[in-house]
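> Protein sequences appear in the order of chains X and U.
Under the numbering used here, the first residue of the first sequence carries the number 3, and numbering increases by one thereafter.
Under the numbering used here, the first residue of the second sequence carries the number 152, and numbering increases by one thereafter.
I should point out that these hints are in silico values taken from the structure, not numbers from a laboratory.
Be careful, since some hints might not be right.
[Said to hold, decoys possible] A few chain X positions that, by computed beta-carbon distances, are all more than 12 Å from chain U:
1. D72
2. R73
3. P101
4. T172
[Claimed, not checked] Short, incomplete list of chain U residues facing chain X, as computed with Cβ under 7 Å:
5. D160
6. M164
7. R175
8. Y336
These numbers were taken from a predicted model, which means no experiment stands behind them.
Beta carbons: idealized from backbone N, C-alpha and C, even for Gly.
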Amino acid sequence: MNEADGITIDAITRTAADHAQDFADFYATNRDTVYRAVLLSTRHPQRAEDAVQEAFTRAYDRWDQVAALDRPRAWVTRVALNVSTSWWRRLRRERADPPDRPGAPDERPMDRELVRLVWELPLRQRQVVALRILADLSTADTAQALGIAEGTVKAMLHRALRRLRATLETTREER
Amino acid sequence: MTDELSPADRKLMNSIRSAYAAYRLPTDRQLVRRRLWPWTAALAAVAAVAAGMIVLALVTGPPSALASWTSAPTSSDPEALPDATVDACRQQAATLIRVGERARWPEDPSLRAMVAAPLVAYDERGTASAALFADGQERAAWICVIIPVAGQPPYVELGGGSALVPEDLGSIEVWTATAGWNSDYGGRWEIAGRVDPDVGRLTVHTEDDREVVATIDDGWFLAWWPSEAEPVRLEIAAAGGTPETIDLEDRYAHEPSCKVSLFGRFCLWH
């Protein structure tokens, strides 16, 4: 037992343990989804990793409040994007090409092509794709996270999909 | 523009999800936090420079409880800190130990040191304050920031961590330099360590042009400021001596450094 100045570690309530388990479950369920969205937004794997972990740390710090939100994953995604944007601007250059996907050794050529095309979208379209599609946020949550109007989110998504579809069709025809 | 998506749009969206599904967060780093120096750890979080609309959108929120912050301490008397608040700071460390045990994260000895570490310096600036708990033997220093909340116990947040190799800067040693962030209170930085007895004044210059006069008490120093602006320069004035300036900006470049913490093994690339 650890005790100092009246604080007994073993006296921490069961609430704290449940709190930790809730957070652990939330983290396990959402970490990869948030990571993909931030990776695509930042185009910097290392920074995305750090930002996502940082965002989950923040969520843990105030888990009672975050867990009570309607969409805690949207909150974490927003914070991760915030952190990654700040770091990215200050410290790092983004990658021109998407990183290798260790989990996809037998990927289809079309998947690889699609990853690259999405990676090369203009920043705002890429961010909207990251949040709306990869993080599966609503239009409203995406708008809030990016600080833009919902109509802009819809327009950016529409343009991104149109551009991707056109490029994919061109690629197919060239083959 | 409507939000209605055609079947072709939905199919393409699913293809994008599928193509990106192979990207996964590495599992060997459970939680990572950005730190100024390799030995500092932050329980509280963060560090981002407040730039960009996304940052602004997140930071704007309730009125800051830190509006009364002053560049020089308004009190450095540890007696001003209620015992209950000291307990609350230690309680947070104890809670985190329990969380780590439950999640089977590698233990951070400095957290146990925090539970027992003495309060060595106190720094009050307006209504908010910071308390430095340090253990010379374990080389661990933790900073507890205390922000009053109307009608409730104060909000406390612990930052700091193991000082594996305190940064020897001549007349001072930096034991911890930690950034924190909270959606209610915004960003915050703390810096603390040992100081030679002949140092009479230590001023921290920050990226947002603050000049933060540190508390110096019995060989320890402590300073904090309510922004995400990083410390860029220290000015140290020894009694009767020439002021010394230490540039911190070139201290960001480090080889990858890995250590085990409460949240598991994490590595830093600064």
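> Next, verify each hint and record whether it holds.
Checked hints:
1. D72: Consistent with the label, X/D72 stays out of reach of chain U, its closest Cβ about 16 Å off (over 12 Å).
2. R73: Its Cβ never comes within 12 Å of chain U, the nearest being 15 Å, so this holds.
3. P101: 8 Å, violated
4. T172: 15 Å, holds
5. D160: Status holds, d = 5 Å.
6. M164: Constraint on U/M164 satisfied, holds at 5 Å.
7. R175: Because about 5 Å separates U/R175 from the closest Cβ in chain X, which is inside the 7 Å limit, the hint holds.
8. Y336: Check failed: Cβ of U/Y336 comes no nearer than 11 Å to chain X, outside 7 Å.
Checked against the numbered hints above, the structure breaks hints 3 and 8 and satisfies the rest.
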